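Can you join these two chains into the complex? Each is in its own frame, and there are hints to help.
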Amino acid sequence: MARDASAKSESQENAISGQDTTDSADLVHVPSGELADERPNARITDVDDWGRSEQMRVLARRVYDPIYRRWFRVEWEGLEKIPTDGGALLVANHAAAIPSDAPAIMHGIETELERPVYGLADNIFRSMPVIGTMWSRLGGLPAHPDNAYRLLSEQNQLVLVFPEGSKGPAKPFHRRYQLGRFGRGGFVEIAMRSGVPVIPIAAVGPEESMPTLFQMKGLAKSLGLPYAPVTANMLAMGPLGILGYFPAKFKLKVLDPVNFDVPPDRERYSRFKVMEYSEAIREQIQQALYEMLRNRESVWFG
Amino acid sequence: MARKKHSQADVAGEVNQSGETPAGTGTPAESKPVGTPDKKPAKSSDVSAGNHPNKRVLVTGLGSFWGGRVAQALEADPAIEVIVGLDTVEPSVELERTEYVRVDANYSILARIVKATQVDTIVHSFLVVDPTQMSAKAMHEINVIGTMNLFAAASAPGSSVRNVLLKSSTAVYGCAPEDPVWFTEDTPRTRAPHRSIEKNLNAVEGYVGDFAEDNPHVNVTTMRFSNVIGDEIETPLTRVLKLPVVPSLLGFDPRFQFVHEDDVTRAILFALQNRLPGTYNVAGDGLLPWTEVAAICGKRTVPLPPFGTSLMAPGLRALGVDLPDEYMSLLKYGRGVDNRKLKDAGFRYEYTSAQAVQAFIERTRLKDIMAGGTEYKYERDVEQFFRQSPAVIRDSDG
Numbered sequence: 001m002a003r004d005a006s007a008k009s010e011s012q013e014n015a016i017s018g019q020d021t022t023d024s025a026d027l028v029h030v031p032s033g034e035l036a037d038e039r040p041n042a043r044i045t046d047v048d049d050w051g052r053s054e055q056m057r058v059l060a061r062r063v064y065d066p067i068y069r070r071w072f073r074v075e076w077e078g079l080e081k082i083p084t085d086g087g088a089l090l091v092a093n094h095a096a097a098i099p100s101d102a103p104a105i106m107h108g109i110e111t112e113l114e115r116p117v118y119g120l121a122d123n124i125f126r127s128m129p130v131i132g133t134m135w136s137r138l139g140g141l142p143a144h145p146d147n148a149y150r151l152l153s154e155q156n157q158l159v160l161v162f163p164e165g166s167k168g169p170a171k172p173f174h175r176r177y178q179l180g181r182f183g184r185g186g187f188v189e190i191a192m193r194s195g196v197p198v199i200p201i202a203a204v205g206p207e208e209s210m211p212t213l214f215q216m217k218g219l220a221k222s223l224g225l226p227y228a229p230v231t232a233n234m235l236a237m238g239p240l241g242i243l244g245y246f247p248a249k250f251k252l253k254v255l256d257p258v259n260f261d262v263p264p265d266r267e268r269y270s271r272f273k274v275m276e277y278s279e280a281i282r283e284q285i286q287q288a289l290y291e292m293l294r295n296r297e298s299v300w301f302g
Numbered sequence: 001m002a003r004k005k006h007s008q009a010d011v012a013g014e015v016n017q018s019g020e021t022p023a024g025t026g027t028p029a030e031s032k033p034v035g036t037p038d039k040k041p042a043k044s045s046d047v048s049a050g051n052h053p054n055k056r057v058l059v060t061g062l063g064s065f066w067g068g069r070v071a072q073a074l075e076a077d078p079a080i081e082v083i084v085g086l087d088t089v090e091p092s093v094e095l096e097r098t099e100y101v102r103v104d105a106n107y108s109i110l111a112r113i114v115k116a117t118q119v120d121t122i123v124h125s126f127l128v129v130d131p132t133q134m135s136a137k138a139m140h141e142i143n144v145i146g147t148m149n150l151f152a153a154a155s156a157p158g159s160s161v162r163n164v165l166l167k168s169s170t171a172v173y174g175c176a177p178e179d180p181v182w183f184t185e186d187t188p189r190t191r192a193p194h195r196s197i198e199k200n201l202n203a204v205e206g207y208v209g210d211f212a213e214d215n216p217h218v219n220v221t222t223m224r225f226s227n228v229i230g231d232e233i234e235t236p237l238t239r240v241l242k243l244p245v246v247p248s249l250l251g252f253d254p255r256f257q258f259v260h261e262d263d264v265t266r267a268i269l270f271a272l273q274n275r276l277p278g279t280y281n282v283a284g285d286g287l288l289p290w291t292e293v294a295a296i297c298g299k300r301t302v303p304l305p306p307f308g309t310s311l312m313a314p315g316l317r318a319l320g321v322d323l324p325d326e327y328m329s330l331l332k333y334g335r336g337v338d339n340r341k342l343k344d345a346g347f348r349y350e351y352t353s354a355q356a357v358q359a360f361i362e363r364t365r366l367k368d369i370m371a372g373g374t375e376y377k378y379e380r381d382v383e384q385f386f387r388q389s390p391a392v393i394r395d396s397d398g
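Chains as they are written, first to last, in my numbering: chain V, 1 to 302; chain Z, 1 to 398.
It is worth saying that the hints were derived from the structure and are not from the lab.
Predicted model, so just to flag it, every value in this text is computed and none were measured.
From the three backbone atoms N, C-alpha and C, an ideal C-beta is built for every residue, glycine too.
There could be a bad hint or two in this list.
Beta-carbon label-pair distances, calculated as ranges [said to hold, decoys possible]: (1) Z:Leu250 x V:Glu54: 21 to 31 Å; (2) Z:Pro188 x V:Ile131: 19 to 29 Å; (3) V:Ile124 x Z:Ala371: 40 to 50 Å; (4) V:Met275 x Z:Pro157: 37 to 47 Å; (5) Z:Lys367 x V:Lys221: 45 to 55 Å; (6) V:Met134 x Z:Gly298: 37 to 47 Å; (7) Z:Ser135 x V:Met134: 34 to 44 Å; (8) Z:Lys115 x V:Asp122: 40 to 50 Å.
Pulled out of the complex, with its shape left as it was, chain Z reads as follows (with noise of 0.2 Å):
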């Protein structure tokens, strides 16, 4: 208990520093407690405009899910002046305001974006996590090179930037027998890491431990964040979940915990608004044995040999189970971390890990019935025309 208590006391002793209305005075409506949950982006206007910390601010992988997405939040926020987005790729959601910017895979010309622009807050959300989208030596460039270059022009001398928010993922924990059910955001990995992604994000973590100790003026935020979930992000569980049947390994079922896709926009928002420091694991409460998500899914699982996993891979590749040798030691152990920093930071998931599922599924089948429908899909070329070209003829309060 005790030691809870002081960690709460941490968080709000140094949200304090930051200017923020302090935490826990029972203060009355028109200022806003720490204790607030996230705004929804449309009705920022009611309590939080005016308030934000962060007027400018760049978002690294605009056209990743969680990138276009924090600057589609970020745009409801008539207090943001300005919102730069970089990538490799056109973003591939709506965005209105969002400067994009196309840039190379290792962000080499990051720092003179940052001094051009003038920019108190970085939301480096570039990271790669799925090791099934591209090749060890791919992800190195953009996980390491990129951080090291976007801290780099984060603490040239003169910078302007104040915040600097970190997307990882609890995969830096790793996977193996010997872990506790729980890791708390200091509980040290039990085996030294030996995959690509893994070290990529402990060396990623590294850069932003220096960093932070270097610039004490930047408040530093990471969030690690759990199993991702929801009908729109992808990641390789949500494929195997939305096969007729899921595999598993056999006499292995391990529990796992899961985050709702809105959950993690809403967790980027609350620690930006907020400036927490630190680091912070996202994942919704509760773990759930790997049948039992099956089974929330309405589906069976097919136990896989559990030894020899590498070897079959290739084949069921082509049976269109595509699951990394991270996510094969996961369907082994699973893994579960302690989400209470940041409750008591004051933000409250809206699913648990069993809601999140239950979401993902019931949003999917529904799309499944859907599709083939005419939905409309983002172009950012066209949007643009309709936006700026002078042939279109607007309504004159636009």
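So here's chain V without its partners, still in its complex pose (with noise of 0.2 Å):
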């Protein structure tokens, strides 16, 4: 309402504008009246709210799309479960050292539902030039809850996160698919905030596409990273392992929906039904990757 009233006197303000103009000029510079929407638009480039560009994303994925297809032969199921509109915060299972679940899930959403995926994730990567750059044009985005909140509540945006934090890539492949803690379950407080649903996925295929053997943890120190793992890829390929992946077969699965029965915009939620949610959803995934794996007959092949 205060809105309309802005509006009306607005429209008053620019007809008497029309005739004082002149006397106006010589003591502060005063601005013409027009309004930043009446304005032309003089941005150059299509980078959004968020850093993200689709021109990029469009790059992106016409790069990606052969890896995806004929690499990782990526395949779906239950991709209905996520809603072509509406908010909803999507989480997954993290691994491999340089994790290559995020860019599947991201590319195969977009691509599918054709609407765009926010990540959040952790903020080392801002802080490396060129990556951070990348990144953040991809539709990666510091994990803070409120840049979740307000793509989830306000801009109805699907976000993607990985509760386990950098402790999914970085656990060695003999606890392959056993997942690690939830965080403190920040994720589900954020779902809460923002009245939208979780969405758990689980990804079969990105353990094996590079396996951490041991972490060299003194190197890590060193350099500020989270995590300095060799990988099984390393010894194989060389230089080239550090960055090449192996075939290993990705299978997505989308599992049902968790909506809550609490309401949304609360400063704080009851600690007991965070956690209970929280722990419920990481079983959920869980359950469904040891039945993927029950029935998966080839790591290459599926």
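Pasting the structure below:
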């Protein structure tokens, strides 16, 4: 209502300003009274509110598509459980020294459902030259609750988060598909506050695409990185193995969305409820992984 | 959504208490709804005259760009009876009825001035947020001690002050990789401040909080301005954007937010007029990658090594690139603030971030061509002579 009032007096003001622009000119430099939405938009690029650029995504999709289809041969199950509109928090298990799951999930949803996915991740990316900028243009954001709330609740977007954080990719190969702790349940709290469902995704394949043999803790510490692994890829391919993945078959399964029976926009939610939901979702993904692994005949062919 | 509505209701409610026209009731034109954007100073007679809650105004930092501009705009409102401006230096803009008082850097005589002039409103635009201007120690003296003295004066027993507006900066949020894309007024910093300017601003805002708590009868507005841009103001960013090529950091393309200098003045006047309570971010819509900022200005960026920037600083300064530490981290991570609280209070921006940059560069280009022309430079003594000397023959109607 306040807006209506302002719009009304706005037009009055414009009407008046037509007459006396001349005598006001020498006082303070007074702008013409033209407002931001009436002026031509001066933007040059399509980088959005979050640093994501659709043009860059198009380019990335073109480059990544062969890897997605030919190398990992990604197969989805239950993709229809992801809504085509409205916000939702996608939650998945996290694996591979350089996580191969995030690009696959984002690419799959963007090509199949034709809606953007924003990935929340550790801010370590942001302090790396080139990588940080690329990451941001391709839809990556620092995992700050304010970012998640605004995207989910106000802009009804899809947001992808890995609650295990860097503990997922850092774990050694012999603990593959064993889910780590889901942080402090922050993702549940954010979904509750934003009033959106959590949609769990179980991913089989990424663990074998770049298995970690052991960690070089000293090196990680001196470089300020969360972890510095020696991967099987490095042994098999040499320097190429730093970035080169093994062609493991990816299977992604979307599980039943979890809705919360709490009102949105609360400052705080019951710790008990948050942890209960967080544990239930972790268990849901863990059980789905076990089931998928039971049925998997080959790491490379699924 | 619900959260947003809630804050809107809050603002309207509090504005009502301060004796303003109720917001959002679709009031007819004769009363000024809260939702009205600010009047242009020159034609204040039409709606806002006589309705202005502030009659006697004290402006600190009159010599600064903002202080001068705000005083100019206030002068145009006949409802404002007295405008007193303080600074250590002469005002640089043309002022007609503002009374200028020269003070020392930390405003030690402020209490006497407030008592003597019985001002009801203080506009504190004296804070220095550009660290290239002076040493950290001098900045501390002005920002922290000056503000302390200001609040001491305003909270003296029997003080006439009812409205205080503080011009702060979004630098209070800091700049770090873990920052959210948009800071709201309530988002805490992600890292403790370690730079002198951020420490200053945090201390100052701390005093503001204390003052507001101890003096509930005084309305306190804190305005945090984003990167101000315009052809008249000079900041480290406008200086680098005027260079033939624009420096950047290799591999980083952070996003910047700008607010046009005209919107800054308008926002201050809007907040004064409506006695907005609390803290407000003031920044144009949208964030621009630094390369896009340069492109709008029609310039190329020259990447500097992203590490060891403090070692390069002396060499860069010699080349005309004077970017203090704060700006180097902005060139890495950028900063965005949520401007919706002020919009919800009824303010409308004239420029988005991109439009502000565009307007800046267009007027700067024109100015470069017109440079060397016979532009009159304001001299207070000369104007004083014309206005007051018996030697000058004036028209009877003045």
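Ascending list of hint numbers which this structure does not respect: Hints 4, 6, 8 not satisfied by this model.
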